[in-house]
Amino acid sequence: MNIYLDDCAYSKRLKRQLEAAGHQVQTPFEAGISGQPDHIHLRHAAEHGLVLLTYNAADFLDLHDRHPDHAGVLIVYREADLTKNMSYADIVRAIQNLAAADVPVAGHLYVLNHWQW
Numbered sequence: 001m002n003i004y005l006d007d008c009a010y011s012k013r014l015k016r017q018l019e020a021a022g023h024q025v026q027t028p029f030e031a032g033i034s035g036q037p038d039h040i041h042l043r044h045a046a047e048h049g050l051v052l053l054t055y056n057a058a059d060f061l062d063l064h065d066r067h068p069d070h071a072g073v074l075i076v077y078r079e080a081d082l083t084k085n086m087s088y089a090d091i092v093r094a095i096q097n098l099a100a101a102d103v104p105v106a107g108h109l110y111v112l113n114h115w116q117w
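Residues in the sequence shown are numbered consecutively from 1, following this note's numbering.
Be aware that one or more of the hints could be misleading.
[Stated by the list, open to error] The list that follows gives simulated cross-link-like pairs (lysine to aspartate or glutamate, EDC-like), each with its CA atoms no further than 16 Å apart:
(1) K15 <-> D90
(2) K12 <-> E30
(3) K15 <-> E30
Read the hints as simulated data drawn from the structure, not as lab findings.
Construct all of the structure, not just a fragment, from the sequences and the given hints.
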């Protein structure tokens, strides 16, 4: 999968783990849009055929509804109890599960928390 990590999801460790699992990964820094508003990140990802990965559910749920022409949005919900949060390995595994399910990703939004098994 070709993945774009938005500002809030970017981590060197997550990027490395996704790449080790065979994914192509781009960061806001590499795209030259670090710190830009969320709609800029979604537009960039859409224009480059990248599935956007974010922890920012509220903003991207709204953006997905208003701009459904994108390569896909993957959301990871975070809990107040940090022990319940998905690890980077959990995120990679959930993306692998989603890819293996052969469901359409373009134009869709998926909550990765639901793809853990």
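Against the structure, test the hints numbered earlier, and report the numbers of the ones violated in rising order. Violated hints: none; all satisfied.
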